[in-house]
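A.B. asks: Now for the letters of each chain:
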Amino acid sequence: MTYALELKDLRKNFGKTEIIRGVNLAVLAGERVAIIGPNGAGKSTLFNLISGRFGPTSGQIFLNGKRIDHKEPYEINRMGLSRSFQITNIFPKLSVFENLRCAVLWSLGYKYTFLKFLSGLKDANDLAEKYMDMIRLDKKRDILAMNLTYAEQRALEIGITIAGGANVILLDEPTAGMSKSETTRFISLIKNVTHGKTLLTVEHDMGVVFGLADKIAVVVYGEVIAFDSPEAVRSNPKVQEAYLGTPSSESAIHGLEGGH
Amino acid sequence: MATYTFKPYNVGRWIIWGLFALVLGLAPLVFTSNLSGTMLAQMGIAIIACLSYNMLLGQGGMLSFGHAVYTGLGAFVAIHALNAITAGQSSVPVSLLPLVGGLAGMGFAVLLGFVTTKKSGTPFAMITLGVAELVFAMSLMFSDFFGGEAGISANRVAGTSVWGITFGPQIQIYYLIACYTFVCVALMYAFTQTPLGRILNAVRDNPERVEFIGYNTQRVRYFAFIIAGFFAGVSGGLGALNFEIVTAEVVGTGRSGGYLLFTFLGGATFFFGPIIGGILMVLAFVLLSEFTKAWLLYLGLLFLFMVMYAPGGIASLIMMNLRVASFGKLRQIWVSYVGLLLTALVILIGAAAMVEMVYHLQLNSALGDNLKFMGVPLNAKGLDSWFGASFVMLTGLGMFELIRRQFLTEWSDIQIEIEKEIKRREEA
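Top line first, the protein sequences correspond to chains W and Y.
1 is the number of the first residue of the first sequence in my numbering; add one for each residue after it.
1001 is the number of the first residue of the second sequence in my numbering; add one for each residue after it.
Derived from the structure by calculation, the hints contain no laboratory data.
Heads up, a few of these hints could be off.
[Unchecked claim] Taking lysine to aspartate or glutamate pairs in the EDC-like style, the calculated list, with each CA pair at most 16 Å apart, reads: (1) Y:Lys1119 / Y:Glu1208; (2) Y:Lys1381 / Y:Asp1369; (3) Y:Lys1329 / Y:Glu1417; (4) Y:Lys1372 / Y:Glu1356; (5) W:Lys197 / W:Glu31; (6) W:Lys93 / Y:Asp1369; (7) W:Lys197 / W:Asp214; (8) W:Lys215 / W:Glu31; (9) W:Lys140 / W:Glu152; (10) Y:Lys1329 / Y:Glu1421; (11) Y:Lys1423 / W:Asp142; (12) W:Lys93 / Y:Glu1208; (13) Y:Lys1118 / W:Glu31; (14) Y:Lys1118 / Y:Glu1208; (15) W:Lys139 / W:Glu152; (16) Y:Lys1329 / Y:Asp1413; (17) W:Lys111 / W:Glu75; (18) W:Lys139 / Y:Glu1427; (19) Y:Lys1293 / Y:Glu1244; (20) W:Lys191 / W:Asp214; (21) W:Lys139 / Y:Glu1417; (22) W:Lys140 / Y:Glu1426; (23) W:Lys215 / W:Glu231; (24) W:Lys140 / Y:Glu1427.
[What the hints assert, rightly or not] If you anchor each label on the Cβ, the simulated ranges turn out as follows: (25) Y:Leu1019 / W:Glu72: 45 to 55 Å; (26) Y:Phe1020 / W:Phe14: 49 to 59 Å; (27) Y:Gln1406 / W:Gly109: 51 to 61 Å; (28) W:Tyr150 / Y:Leu1342: 56 to 66 Å.
Remember, it's a predicted structure, so these values are computed and weren't measured experimentally.
Think of the CB as a built atom: it goes at the ideal place given N, C-alpha and C, for glycine as much as any other residue.
The following block holds chain W by itself, in its conformation from the complex:
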């Protein structure tokens, strides 16, 4: 069977340092997967490999059954995979609306054309407006992205990521740096806008992980040591030992369960 996203023995070295050490992962279409793990475990590197920011040292990546390792980021994006960034990565000197319109242009087939006016592209404008409503920035339509608040910029980051219509979405710590109340609102937003899509998200906040994910992948030292439902992962002794330090680490386990 074909998976939405499949990694086969993926490895990445930076010089002599092995960052990703043989990751295998198979994600079904429509699944929501949270990737957790201690700092420096290689979660972000994994995203960078999948999205084409870096090429893997060895191993294979399949998107809907097609090889995408060693392809350029824009090629991977055109094949239906889109990602957001941990550090906000938007177009600061363009307005909110322009940010989103740029993000929908390729998927609507406008490519590099300079023979059509943007104002005449009804489908692109409508779609950009739709996503602007979805991420609740419709009142900030003509504000430059650099003048938005942090939470608004994070929402725009997600908006740009989903606007291209990709069916596999990678979110790299979408709630990083947000307050508790902002995070709660933001999670419902993410659930809403990624409805029916395959979602992979790197996340530190356990509340977010258990609220959002169908499955959890635990990455430790560049390897996936567990990939299962949240309940199974929580009771997995290997996870408890590797990820939480010792099996008897009461407070840490509490942390996991607190998010339930």
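We have chain W; now place chain Y onto it with these hints.
C.D. replies: Positioned in the frame of chain W, the structure of chain Y alone reads:
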């Protein structure tokens, strides 16, 4: 940095373009002297060149040090085409020669741009510099095409004339240039409103992210470079027709530097900035250079101050003050503006007197130590002249600084008031 967007109202847009056409049409009727006639023609040419350059710099974030390669090669191809018409080998009407130049500029941009746009940022700037040097070196080697030191000359009265228009008289060539200027400015503005134009802005702002929304940034830069090359070539072709001579200097790095400098002075962040830049360029090259031998020094100083204190160029200064004016707050600071202007003038007079004395010592010392500056006799080796000049300058500086501080507080107060006003309107 102040930021705001220029909102195009459709009625306003018609008025602006109508006025632009009117100015182009009426300018030679208002400024009738010979000198102003040639200057107006050159302004049209410079406007197209600077706008095409800004497609790279302001819209694409590409700092090119070699834009004159495309205006210059366009000019050479156009003048060879003109000579072919004169020799009866070609039947292209003279009025279409700028397009020949444009196609040439585009062709060279296809060829050379493929290499330069492989990179962005600093490597891009370096490669354009290298290409510019390469082409200039070639201009000295291939004298058949570039005409050696004498350049290539031609006569623009060639081929068959339509309705008695031979393009011989300056006024006829002016109107040809004016038509091309209007159409090119309109087309380049239209470009900013297309998908490629907008993605080019995105590439300027954040090339990495563009790769993750499906666009190949290299391709975007390359296409923009080719289009900019076309308009640069049109400008070169018009220049060839206007001057009837093209020398190797037009592909030189000095010319490229001029485009960069004046596009920046005019303002790279707004579409109309380079139009101001083009006009200033001709004023500086034709008038200022007549006025003083030290004109390049003054120009360099002006550029320096602009980069440091108004990096958005004159266009951004205009837009900032328009914003203040639209909130009816300009009358709160106009006194400071007058004060700044007067004291700046005092500084300039003092500094210019010293510059002129230095230049006099270096260049005209055979004529003695005495010179006249703005009607005042100065002795370039006299202590009193130097003391007087530095006294004027320092007094100006002191007063300028005082007024500047006053102005800054007023300015920031006004900005805060405007922010409050905007919030209030949003809530209402």
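A.B. asks: None of the hints should be skipped; say for each whether it holds.
C.D. replies: Going down the list of hints, with the structure as the test:
A hinted pair counts as satisfied when its Cα atoms are at most 16 Å apart, and Y:Lys1119 with Y:Glu1208 qualifies at roughly 13 Å. Taking the CA atoms of Y:Lys1381 and Y:Asp1369, the gap is about 6 Å. The hint holds against a cut of 16 Å. Straight-line distance between C-alpha atoms of Y:Lys1329 and Y:Glu1417 comes to about 9 Å, which keeps the hinted pair within the 16 Å bound. A distance of roughly 9 Å separates the Cα atoms of Y:Lys1372 and Y:Glu1356; the hinted pair therefore holds under the 16 Å criterion.
For the proposed pair W:Lys197 and W:Glu31, the alpha carbon gap of about 7 Å is at most 16 Å, so the pair holds. The suggested pairing of W:Lys93 with Y:Asp1369 is violated, with an alpha-carbon distance near 55 Å, which exceeds 16 Å. A C-alpha spacing of about 13 Å is found between W:Lys197 and W:Asp214, which places the hinted pair at or below 16 Å, so the restraint holds. Proposed proximity of W:Lys215 and W:Glu31 is supported: the alpha carbons are some 8 Å apart, at most 16 Å.
The suggested pairing of W:Lys140 with W:Glu152 holds, with an alpha-carbon distance near 9 Å, which does not exceed 16 Å. Proximity of Y:Lys1329 to Y:Glu1421 is assessed by CA-CA distance (about 12 Å); at most 16 Å being required, the pair is judged to hold. Between Y:Lys1423 and W:Asp142, the direct Cα distance comes to roughly 14 Å. Compliance with the 16 Å bound is thereby established for this hinted pair. The straight-line distance between the Cα atoms of W:Lys93 and Y:Glu1208 is roughly 15 Å, inside the 16 Å bound, and the hint therefore holds.
Only pairs whose Cα atoms come within 16 Å are accepted, and Y:Lys1118 paired with W:Glu31 is rejected, the gap being roughly 39 Å. Restraint check: the Cα-Cα separation between Y:Lys1118 and Y:Glu1208 comes to about 14 Å, which is no more than 16 Å; the hinted pair holds. Between W:Lys139 and W:Glu152 the CA atoms are separated by roughly 11 Å; this keeps the pair inside 16 Å, and the hint holds. Restraint check: the Cα-Cα separation between Y:Lys1329 and Y:Asp1413 comes to about 10 Å, which is no more than 16 Å; the hinted pair holds.
For a cut-off of 16 Å, the pair hint linking W:Lys111 to W:Glu75 stands: about 13 Å separates their Cα positions. With a C-alpha separation of about 11 Å, the suggested pair W:Lys139 and Y:Glu1427 falls inside the 16 Å cut-off, and the hint holds. For the suggested pair Y:Lys1293 and Y:Glu1244, the alpha carbons sit about 27 Å apart, so the restraint of at most 16 Å is broken. Distance check on the hinted pair: W:Lys191 and W:Asp214 sit about 12 Å apart at the alpha-carbon level, within 16 Å; holds.
With a C-alpha separation of about 22 Å, the suggested pairing of W:Lys139 with Y:Glu1417 is violated against the 16 Å cut-off. With a C-alpha separation of about 11 Å, the suggested pairing of W:Lys140 with Y:Glu1426 holds against the 16 Å cut-off. Our distance criterion of 16 Å between C-alpha atoms is met by W:Lys215 and W:Glu231, whose separation comes to about 9 Å. The suggested pairing of W:Lys140 with Y:Glu1427 holds, with an alpha-carbon distance near 13 Å, which does not exceed 16 Å.
At roughly 46 Å, the beta carbons of Y:Leu1019 and W:Glu72 sit within the given window of 45 to 55 Å. Separation of Y:Phe1020 from W:Phe14 is about 56 Å and conforms to the stated range, judged on CB atoms against 49 to 59 Å. Between Y:Gln1406 and W:Gly109 the beta carbons are some 57 Å apart, a value that agrees with the proposed interval 51 to 61 Å. Between W:Tyr150 and Y:Leu1342 the Cβ separation comes to about 45 Å, which falls outside the hinted range of 56 to 66 Å.
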